[in-house]
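Produce the complete structure using the sequences and hints provided.
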Amino acid sequence: MNVLLIGANGQIGKHLVDLLDKSNEHTVRAMVRKEEQAEELKKKGIDAVLANLEGGADTIVKAARGCDAVIFAAGSGGSTGYDKTLLIDLDGAVKTFEAAEKAGVERYVMVSAFQANNREKWHEKIKPYYVAKHYADKMLEESNLNYTIVRPGGLLNEPGTGKVAASENLERGSIPREDVARTVMECLTEENTYKRSFDLMSGDTSIAEALKKV
Numbered sequence: 001m002n003v004l005l006i007g008a009n010g011q012i013g014k015h016l017v018d019l020l021d022k023s024n025e026h027t028v029r030a031m032v033r034k035e036e037q038a039e040e041l042k043k044k045g046i047d048a049v050l051a052n053l054e055g056g057a058d059t060i061v062k063a064a065r066g067c068d069a070v071i072f073a074a075g076s077g078g079s080t081g082y083d084k085t086l087l088i089d090l091d092g093a094v095k096t097f098e099a100a101e102k103a104g105v106e107r108y109v110m111v112s113a114f115q116a117n118n119r120e121k122w123h124e125k126i127k128p129y130y131v132a133k134h135y136a137d138k139m140l141e142e143s144n145l146n147y148t149i150v151r152p153g154g155l156l157n158e159p160g161t162g163k164v165a166a167s168e169n170l171e172r173g174s175i176p177r178e179d180v181a182r183t184v185m186e187c188l189t190e191e192n193t194y195k196r197s198f199d200l201m202s203g204d205t206s207i208a209e210a211l212k213k214v
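In terms of the numbering used here, the sequence shown has 151 at position 151, counting the first letter as 1, and numbering is strictly consecutive.
By construction, these hints were calculated from the structure, which means they are not laboratory data. Check before you lean on any hint, since a few could be wrong.
Said to hold, decoys possible - Straight-line distance between alpha carbons at most 30 Å, and here's what the computed DSS-like set of lysine-lysine pairs gives: (1) Lys195 to Lys62; (2) Lys22 to Lys44; (3) Lys125 to Lys102; (4) Lys138 to Lys212; (5) Lys14 to Lys127; (6) Lys43 to Lys62; (7) Lys102 to Lys195; (8) Lys84 to Lys14; (9) Lys22 to Lys34; (10) Lys127 to Lys34; (11) Lys138 to Lys125; (12) Lys84 to Lys138; (13) Lys213 to Lys138; (14) Lys163 to Lys22; (15) Lys14 to Lys62; (16) Lys62 to Lys44; (17) Lys195 to Lys212; (18) Lys213 to Lys22; (19) Lys62 to Lys121; (20) Lys42 to Lys14; (21) Lys102 to Lys121.
Here you go:
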């Protein structure tokens, strides 16, 4: 698959760029919002495109043309206000669904948040973030896209183990970003994850095996 990676300069995104670039199955088109980010990727031989989730959808449509799948790994980040959460994690995400459909891309993998589907489990301190993820996920489920929604727990920067737990409802836990990225890439072609959403944590099962059981 030729994959449009949205949020390629993020912490999970950077892992995905490396994994997809080294993959024998996939190629990556990295979507970033700054010229210097694109230039840095191009120096490494990565196909990079400029588009901004706060801008018009037309540039995202153009970025998605010719791709077989979209991965959304973008986010407003913990240092921004809730206005950016609304503009990027909700409206920006929905623009990418619309853009994928207009560009004729059917496969879509969303990096969401742990238990974004369950209001009872939302952290009070970042509730607007959960609201944004919740309704973006709902819009994705109601789209015509062949989606997978991955809801990882607390994100760690330590090396991945390749072992995870994946299920509709898990107890709160954590997971290395590297393992999230590996799981997201595996989802691209794992048919058992099509039209499914699930929580993701560190666990005792290989990623491939875990995805066959979600």
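I'd like to know which numbered hints this structure contradicts. Please list them from smallest to largest. 3, 19, 21
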